[in-house]
Amino acid sequence: MIIKPALSIARMHQLVMDNKVSSLTLIDEAYNRLHQQETTLQAFREIGEAPDLAPQGLLAGVCVSVKDLYAVTGFATYAGSPFPLQEFNVSGTLVKRLTDAGAHVCGKTHTVEFAFGGLGTNPHWPVPVNPFDTQQHRVPGGSSSGAPVSLWMGACQLALGSDTSGSVRVPAAFCGTFGLKTSAGRWEKDGIVPLSPSVDTAGLLALSAADACWGFAVLDPLTCAKPEAFIKGCTNIKNSMQGTRIGIIGALFEACEGGIDDCVMAALKQLEAAGATLVNLDWPYLEEAYQLFLEGGLSALEFPAFIKTEQRKDWFDQLAASTKMRFAHLTDEDLAQAPQKIAEKNALIQIFNQAAEAVLQTVDFAVCPTCPISAPTLAHVQDNIDQYKERNFKALRNTQVANLQQLCAATLPCGSDDKGLPVGLQLMMGHNQDEQLMQWSCAVEVIIGDALHHYH
Numbered sequence: 001m002i003i004k005p006a007l008s009i010a011r012m013h014q015l016v017m018d019n020k021v022s023s024l025t026l027i028d029e030a031y032n033r034l035h036q037q038e039t040t041l042q043a044f045r046e047i048g049e050a051p052d053l054a055p056q057g058l059l060a061g062v063c064v065s066v067k068d069l070y071a072v073t074g075f076a077t078y079a080g081s082p083f084p085l086q087e088f089n090v091s092g093t094l095v096k097r098l099t100d101a102g103a104h105v106c107g108k109t110h111t112v113e114f115a116f117g118g119l120g121t122n123p124h125w126p127v128p129v130n131p132f133d134t135q136q137h138r139v140p141g142g143s144s145s146g147a148p149v150s151l152w153m154g155a156c157q158l159a160l161g162s163d164t165s166g167s168v169r170v171p172a173a174f175c176g177t178f179g180l181k182t183s184a185g186r187w188e189k190d191g192i193v194p195l196s197p198s199v200d201t202a203g204l205l206a207l208s209a210a211d212a213c214w215g216f217a218v219l220d221p222l223t224c225a226k227p228e229a230f231i232k233g234c235t236n237i238k239n240s241m242q243g244t245r246i247g248i249i250g251a252l253f254e255a256c257e258g259g260i261d262d263c264v265m266a267a268l269k270q271l272e273a274a275g276a277t278l279v280n281l282d283w284p285y286l287e288e289a290y291q292l293f294l295e296g297g298l299s300a301l302e303f304p305a306f307i308k309t310e311q312r313k314d315w316f317d318q319l320a321a322s323t324k325m326r327f328a329h330l331t332d333e334d335l336a337q338a339p340q341k342i343a344e345k346n347a348l349i350q351i352f353n354q355a356a357e358a359v360l361q362t363v364d365f366a367v368c369p370t371c372p373i374s375a376p377t378l379a380h381v382q383d384n385i386d387q388y389k390e391r392n393f394k395a396l397r398n399t400q401v402a403n404l405q406q407l408c409a410a411t412l413p414c415g416s417d418d419k420g421l422p423v424g425l426q427l428m429m430g431h432n433q434d435e436q437l438m439q440w441s442c443a444v445e446v447i448i449g450d451a452l453h454h455y456h
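Numbering (our numbering), first residue to last: 1 to 456.
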């Protein structure tokens, strides 16, 4: 197991402010760790260079890895494909917010091709190695496949990802980190290669919710004007859940493998012992949302509009089989009717959302296992499309609920399954409850522990 030095962003910030260490020194140390481990863990598609001058600002000394779906000035963007996307070469709003706050982009991390997949495989680029198995190559989860691996390398403290069906939360759960899926429309998406504009969301990974709060404070349009105030609110957390109502989505505990359900329930019992009340929820439209997901969600209709443009007309034949399978069933007539079908599915999603929001009014937040499975081996899924499909759909079973019901969601590491692989606890809240979700994530983390607590 590869573990970075346990320096939190709060501690780094204090050291820089007290002039006990320079932000350049912290960045140089991160690059040293990156270069020591990249050959083994292969998280990065492209590696940056340390700056000449010491960065200034709230995040001075903090390194950020950026999923190769985001445009970053000075880096090429491939989006997991064999081809560079020339129009994605200038940093968008989110990357600019981080760098303006003093954060340093240490590199672009690998992604599944065009973010189409939850396991992390890619025939065009190296597949990052899940650091929790040193004997065989296990997948890291996807589509933000390099993001959590870069955190465990110690190459960075924050990792930018994106989430359309679970592409932040699945790799975070598989690799034992914190992961946040923001509400649809909450964070700006300029400079991010689209998969499904209706449900695409930007997201953030870190080794702890406490660290993620620093990134959220700078990134979120409602907190970025006064980030210190938000950070203070997340860090002044009491070691108590007294008066908290936690809703358990029992149906999403079913068919969990390897003792994952027991691991998550053990974490919930810790919260109950700290004063929380556990409430069983009858969650609406689970089957309907999953069926919509199996049909390709909205991405199967929206992505072809991007890939079949004139400048990319020759790319389609070179797409990976795992990418093509998500929309191979669509006819030319289906694609011609795409605008109408997209509108119909978005209307359905609004119905799902209204029902979910009503249930969420009865609790502070809802919970379930982030994934009902842990990371499979690369050999099991890489060359067998049927085995890939089965594992991929199951990995995303619980996470896609938040996307197709327009909720915000986070995953926190809560222990290990029977194989010793990480297990994630998923928290879900209503649309645009992102600030509160981050605060609840920090409160839960105080009780159950962060990644370094579970896996150090």
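Simulated from the structure, these hints should not be mistaken for lab results. The model shown is predicted, which means the values in this text are computed figures rather than measured ones. Treat the hints with care, as some may be off.
To be verified - Distance windows between CB atoms, simulated:
1) T362 x P51: 44 to 54 angstroms
2) E344 x E287: 14 to 24 angstroms
3) E228 x K20: 16 to 26 angstroms
4) H124 x T377: 13 to 23 angstroms
5) A305 x L7: 10 to 20 angstroms
What the hints assert, rightly or not - For lysine to aspartate or glutamate, the following EDC-like pairs were computed, each having C-alpha atoms within a straight-line distance of at most 20 angstroms:
6) K232 x D52
7) K96 x E38
8) K238 x E254
9) K189 x D100
Note that CB positions come from ideal geometry on N, CA and C, so glycine has one too.
Hint-by-hint comparison with the structure:
no.	hint	in the structure
1	T362 x P51: 44 to 54 angstroms	50 angstroms, holds
2	E344 x E287: 14 to 24 angstroms	18 angstroms, holds
3	E228 x K20: 16 to 26 angstroms	20 angstroms, holds
4	H124 x T377: 13 to 23 angstroms	20 angstroms, holds
5	A305 x L7: 10 to 20 angstroms	44 angstroms, violated
6	K232 x D52	31 angstroms, violated
7	K96 x E38	26 angstroms, violated
8	K238 x E254	32 angstroms, violated
9	K189 x D100	17 angstroms, holds
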